[in-house]
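Engineer: Residue strings, one per chain:
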Amino acid sequence: MKKISVDHLARVEGNGGISATIDGKIVSDVKFSIYEGPRLIEKLTIGRTPEEDVSMSPRICAICSVSHKNAVLRAMENALDVKVSPKSYLLRELMHMGEFIESHSLHTFYLALPDFLGFPNAIAMASKYEFEVKIALEMKHFGNHIMKTINGRYIHGENAVIGGFGKYPAREELLQIKTRAIHFMPFVFKTVNLFCGIDYPDCPDAPTLYACCEPGDNKFGFWGDEILLSTGKTFHRDDYKKLTNEFVVSHSFAKHSLYQDKPYSVGALARIVNLGERLEGEAGKMYKKYYSSKWKSNPFFHNAARSLEILYSFERIPELVDEILKLKEDKSIVDYSAENGKGTGLVEAPRGLLIHHHEITDKLVSQVDIITPTAQNAEDIERYCHVAAQKLLDEGKEDQIRDRMDIIVRAFDPCISCSAHMAEVRNAPKNNWKMQLEEVTQKGDPAFIGVGNPTLSDDGAGIKLARELKNAGIQDVLLESEIEQDEDLWINDSDRPLIFLDAVDFNEDPGKVTLLPLHLILNNTSLSHRLLPTVSGLINYSKMKNTYVLGIQPDSLQKGNQLSAPVEKALNEIREQLTNIREQ
Amino acid sequence: MNKDKLKIGIYELTGCAGCALLITDCEMELIDIFNAADIQSFLMVKSDNIEGELDIALVEGSVTTENEIEELKDIRERAKVVVAFGLCASVGGIQARFGNKEWKENYQKIYGDMEMTHTKPVQSKPIDAYIDVDLYLPGCPVGKEQFLHFFTRVLKGAPPEKYPRPVCVTCKYNENDCLLNKGIPCLGPLTADGCGSICPNHNLPCTGCWGPAEGANPTSEYFLLKEKGFDIEAIKKRMSNYSGTKLAEFFEQFKKESK
Amino acid sequence: MKIVKLKKTNLFLFLEIISKEADFWAPVKKSPDKHIFEVIEDFSKINLDYTRTILPPKKIMLPSDFNMFQASNTKYTPDFSHVSKKIIFGIHPCDIHALVIMDKFYSHEYNDPYYQKARDNTLILGHSCWPDEYCMCKSTHTHVVKEGYDLFFTDLEDTYVVWIGSSRGDDLIRLKPELFDEDLTDKDIQNFSQRREERDKAFTNDINFEAMPDLMELKYQNLLWDKLGEACLACGSCTNVCPTCNCYNVEDKPILGKNCSNISRCWDSCTLENYSGVAGGENFREKRSDRLKLFYTHKLQSYISKYGKPACVGCGRCVVTCPVDINVYTVSKSLDNEEVDTFWNRLSKEVTK
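Residue numbers (our numbering), protein chains in the order written: chain A, 1 to 584; chain B, 585 to 843; chain C, 844 to 1196.
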């Protein structure tokens, strides 16, 4: 078995790595690891005042600090029932534009473009593309300038507070922002043409689900009170957990998210896929000119999508400034009196949907949940790397895997410091295994394979269960030792689900049962080490998508052939359930 | 690369990456920075990094995993001068304010007992908990002017003399009304200068995000806020938000006294 | 000395004429209780109904941070970009006295060209004021001015009595002499005297500055200083707002990409810990109490011994600024054995409890 890895991803914000394990003909175990350590941000602000929380929680991430600021403010103001003045509202949108311009121009020109033009970094690229590098720097500077003017500082500004702003920027400063935005337009068009025109490498057809904020009023925008999926389904902000079931993986301090057990993507591409039709003006024209269905299944088009958003932001700035200057002066902060409440704030950070949920009890913060875009993208990053690596391996281009994974990860513009925050543990994807099993059986009649080591007490659970099922007369049940002989199982009927029965340590009470898609487990448990040698020769990637593990949490793995009482009890329950299903 | 140029490495441990990002925010100076020094390693902006002997290492972020301890020790061995770059490296950052026990409890609440396969987590600490640090540049994140001044001085082989002073100094340069006198819990007198007093400039109290100022008088500020009617716990919390491990002794002393 | 009269309604007209070729500085109201000196573009922003600004006019002569010169191995280029033709309007007597003290200080033994050039290019147009409870200028005898201004405007309801204090001031009047009336009526003189009398009575503070040099000497080891040191936040605000504090620090600021440095100068403060630090890591005044002694020795003792008056002009800025009540008023009163209700007194009781 050999491991290909990019130990330290360069040109991303933060400290992370991606690795893939190759065993014979299969790429397994793709891990997007976050080396950033745990910061426990969501616990840090418990017991603090809402104001302190608003100051501290954006410190999760520097590059998205304004998005975090707007998200925490929206959450707090929902929680405390504060309605800011129209002027504050628009100024916040304006500073959000600043962050998009800053972040997107940094990513597209400095972090991503060298990949497609073949340079190790932007400074080296400057020798040949001096104009682009220089003007892009000015564009980035302009984005920063907007954030500083409105929020007080480039990074972690403090002027935006619950109820509005400490102090409004001066009229002259806003007019200057408007003028400069207009001056940039020729270069912005150039940017769109450049990034939409790049001949991006093909990515294996791996469509995904896209999620972003629903800005409302059929408009394009960077925040809203609902989440919109590419299927057309929407969730109210308070129901965000229906989308993002965060869970812990062992190779990263960033949690992962799945929607109905499937990875999904957020970010520029998600917004353009879901909302691109709504773009107006020049951005709308450019969208019509460049957008095609192939954007949907290739994450490299995130870069093209970013360029459209840069254009959108530059078009929006003069409108915003005009609207702001039409408004009368007001007291910049609205007072509030609420002492209790809970609220959720949704915004689009440059790299995708960002969710802040804050609860206040007796004037102090009592609960915080922050779901960052990179945590949501982590599963899709691994999946895209997986399929791309598998394809290159199939084509005999093993030597390209490393670089390709590097570029794919970067395409998501992962913000690693952001994702390594952490939330409360909700045990591994919390699925009711019985319901899950029914769903699986609806796809086809499953075959079962018992695996394990009967000489290590509970580790023998899978083998014992398989034997009992056989004895109960259930068809298509095999033992680990029998699977190689049964070739039919692997060749025929690839739609037929396959369920491994095994003792799986997933950090639960002994005897607890779970049913997980195999690809998920392969990423992170000791099970993978056991299954891989057995399975990798026989199972192909498409089959793996339809393969599951029915895991039983062991109590003891000592030497011995006795199962512990809770595991025995679980076996009985499973047997009963399976017999019922088969009888139906 | 030019042999006369100082070899510099910029490293990120655990933090928000804001201090490294700040360097890229020196848009107009960036090309000059890269021309003036031989930037050997800077993961955020370049792929062709070389990990060898260094004249200066700027280390951002706090130490939160065993791998980071190893990485840090390796950097120390390779670099003549190590700079704690930003609040997290200097005092441990906001993530360093938990005591050991509190940290373990909260860690468990989030990750349960799952063994991490890639590294073992440790309680967040500033880098001087593990290695000798030559220079400190606090800030959350480090200020642009502050960084450029520091960087150009270091390039000349003459790092700025240590001259700690609180936010109040700049705050007065900026002619702000003292918020403490208005009964607003401003941490300016306790907080290292360098931010340009942006919060008071916007009529907002200093949050302390540059970390504790050397030579400050926390006892006086503590009693002053107490006298102004603030709750003791609230004062302690506010003072500890950004002080990492560095105000711990001060609070210990109060704990003893209150017993 | 020449005295003329100007109708209030003609003030802006006059200011407009004289400010054509100079930066025009005047007090501006920034919030209900905050005034600062600012360069004025629009005269309607001038607000003369103020007692004291946050920073004194010293900032107009020498900004808190400015570049002195650029130097390389072979070249030295002085930088006087902070110098320009300036007019300061609306400055009160205490601040004029402070400038007179600065004038002496910066020309004493060595001439400081950075101050001198800025000062030579600046015209001082004083304005009368009314004391509040923190003003101590009557005790320091700085509530009236006899020198240090080019023009001085005394507010008498609908007219100003304008004192011409220098030939440069006279030149200003000559730019538009028809605005001024040289004949003061008896009524005017009576109004003026009455105002002066009433103002004298409005002072509520009385500090015995004459006794201070001796008291400082006698009480140099007094516990008072420990109490003050315990409370001092070492924030440097007192020295920054003091119109006669003038310490500064000099720093090299190399220019990126060039082989030269800017040498800049910024205000320093003796209450900061490293102020008395020297090479080798020694510090002569590590204790806050020692640093406060230095400050008050300067204000209350050494200057009086040398020039016969304190280096305090009674502006009251330290009184309104220090969050822990360490200021010329409370320190002088305590030296003079008067009990004062201050935070530092209460803190001392709290800590020794």
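One or more of the hints may lead you astray.
Straight-line Cα separation of at most 25 Å, PhoX-like style, residue types lysine-lysine; simulated pairs [claimed, not checked]:
# : chain 1 : residue 1 : chain 2 : residue 2
1 : A       : Lys167    : C       : Lys877
2 : C       : Lys850    : A       : Lys328
3 : B       : Lys589    : A       : Lys134
By construction, these hints were calculated from the structure, which means they are not laboratory data.
Engineer: I'd like to know which numbered hints this structure contradicts. Please list them from smallest to largest.
Structural biologist: Hint 2 is the one this structure does not satisfy, whereas the remaining hints hold.
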